[in-house]
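These protein sequence lines map, in sequence, to chains A and B. According to the numbering used here, the first sequence is numbered sequentially starting from 1. According to the numbering used here, the second sequence is numbered sequentially starting from 1001.
In short, the hints are calculated from the structure, not lab data. Errors might be hidden in some of the hints.
Said to hold, decoys possible - Covered by chain A, according to a simulated footprint, are these stretches of chain B (three or more residues, beta-carbon under 8 Å):
1) 1018 to 1025
2) 1049 to 1063
Stated by the list, open to error - Label-pair ranges, simulated between beta-carbon atoms:
3) Thr1004/B - Ala4/A: 19 to 25 Å
4) Gln1099/B - Ala153/A: 42 to 48 Å
5) Ala1131/B - Glu264/A: 23 to 29 Å
All of these numbers come straight from a predicted model, not from anything done at the bench. Where is the CB? At the ideal position from N, CA and C, for every residue including glycine.
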Amino acid sequence: MKPAPFDYVAPASLDEAVSALASGDGDAKVLAGGQSLIPMLALRLARPATLVDINLLPGLDGLREASGMLEIGALVRQRALERWAASRSPLFAEVLRHVAHPPIRNRGTIVGNVVHADPASELPALLLCLEGVVVARGPRGERMIPADRFYRAPLTTALGADELATAVRFTLPPAGAGWGFAEVSRRHGDFALVGAVAVLTRTGDGTVARARLAFFGAGGTPLRGLGGERVLEGRAPSAALLAEAARAAAATLSPDGDIHATAEYRRRVAATLAERTLTAASARWGGPS
Amino acid sequence: MTRTIRVTVNGREHERAVEVRATLAELLRENLDLTGTHVGCEHGVCGACTVLLDGEPVRACLMLAVQADGQRITTIEGLAPADSLHPIQEAFWAKHGLQCGYCTPGIIMSACAFLRERPAPSREEIREMLAGHLCRCTGYHFIVEAIEAAAQALASSSSHRTEKPPKDP
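Using the sequences and the accompanying hints, generate a full structural model.
This is the structure:
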């Protein structure tokens, strides 16, 4: 057995789960799909005293679409969202296809991936791009944490040690919005070296109403390309303008270098992927997203 | 810390006391003597330990044995009766889709679910599926051919067995 010893509890109610986390004194971890946590236990990068397995909790496996929002409960597997996306959202389908591999997606949860906060992971960037929120339940009740205030550092979020993320909510792109997604990785399903996701909505006269661009693998957290978004909003997206927006978005990035890629490589690829995703998004105007 | 679980593996129910930190792969190999499930990296990267959980492929090293309580698991041993081969196994044999064989059980379990969802996959789709499995011998070419051949064999056989595995014997 590779993980260090831990206590295991599998609470039957949300209140029990929250109190198990609270009594863990910062040394309890939530086990949902386990596809990031169990590797960390096996490598002993994490040695929590207690695992709180939430798989038996009722009411967390819902996938609900209402008034332009998609709410995903903490036990919805990535594969379940992938199946929903196959007929509903080419954007979500394309993003999920790049999240690891089918055997991982069959167990891994959407909420777990978002909360694990790996900076090279696709879903946190999508949450940021679609201005999502994380629904957290703690001893003092429930609160909503917007994606742009959720990510603090690699594997570090605004979620308290005594809080359980019970759901995430994505704002679905409005009808007619265009989208783009691109990443560079060593193999399909690996963590991205760099990636970008973009959504552009348009006005009746063909200008950009709203631009949203987010990067992953380009810093310690997923990052919005705010400078690029501002270049595009209110203007017609010509090839020259899209290129200018991509440069502006990538200009503020300061990625780290590591054994997989240098910082300079990541910055240049980020600019290229920003241009590709923004161009794809403007080309897809009027189609399904 | 141990817990007692009940798990159905290849149609047989087992009750075992397991350490809470033991993985499903350890339960299968060390408690149930089903050593066909191979363990490579033990952190989800190599895919050798892939088994079916209620018909869907999962990494047996990334699931605690306690989490298999009440679940149905199919391993490579459960694909075909002892004296015969499943059509996918047969295709791997015919196309030389393995050399040392360490990665093979995991790939075959993934292929089983993959071909159920995509009965006539393109080579590109097969390669995308195989990205979740490391093979250090073959260079993958013959594995791709084996899966293509398996798809054809399954399509032409009237009683193909990549249906969801039987829930019970």
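Each hint tested on the structure:
no.: 1; hint: 1018 to 1025; verdict: holds (count 5)
no.: 2; hint: 1049 to 1063; verdict: holds (count 9)
no.: 3; hint: Thr1004/B - Ala4/A: 19 to 25 Å; verdict: holds, 22 Å
no.: 4; hint: Gln1099/B - Ala153/A: 42 to 48 Å; verdict: holds, 44 Å
no.: 5; hint: Ala1131/B - Glu264/A: 23 to 29 Å; verdict: holds, 27 Å
The structure agrees with every numbered hint stated previously.
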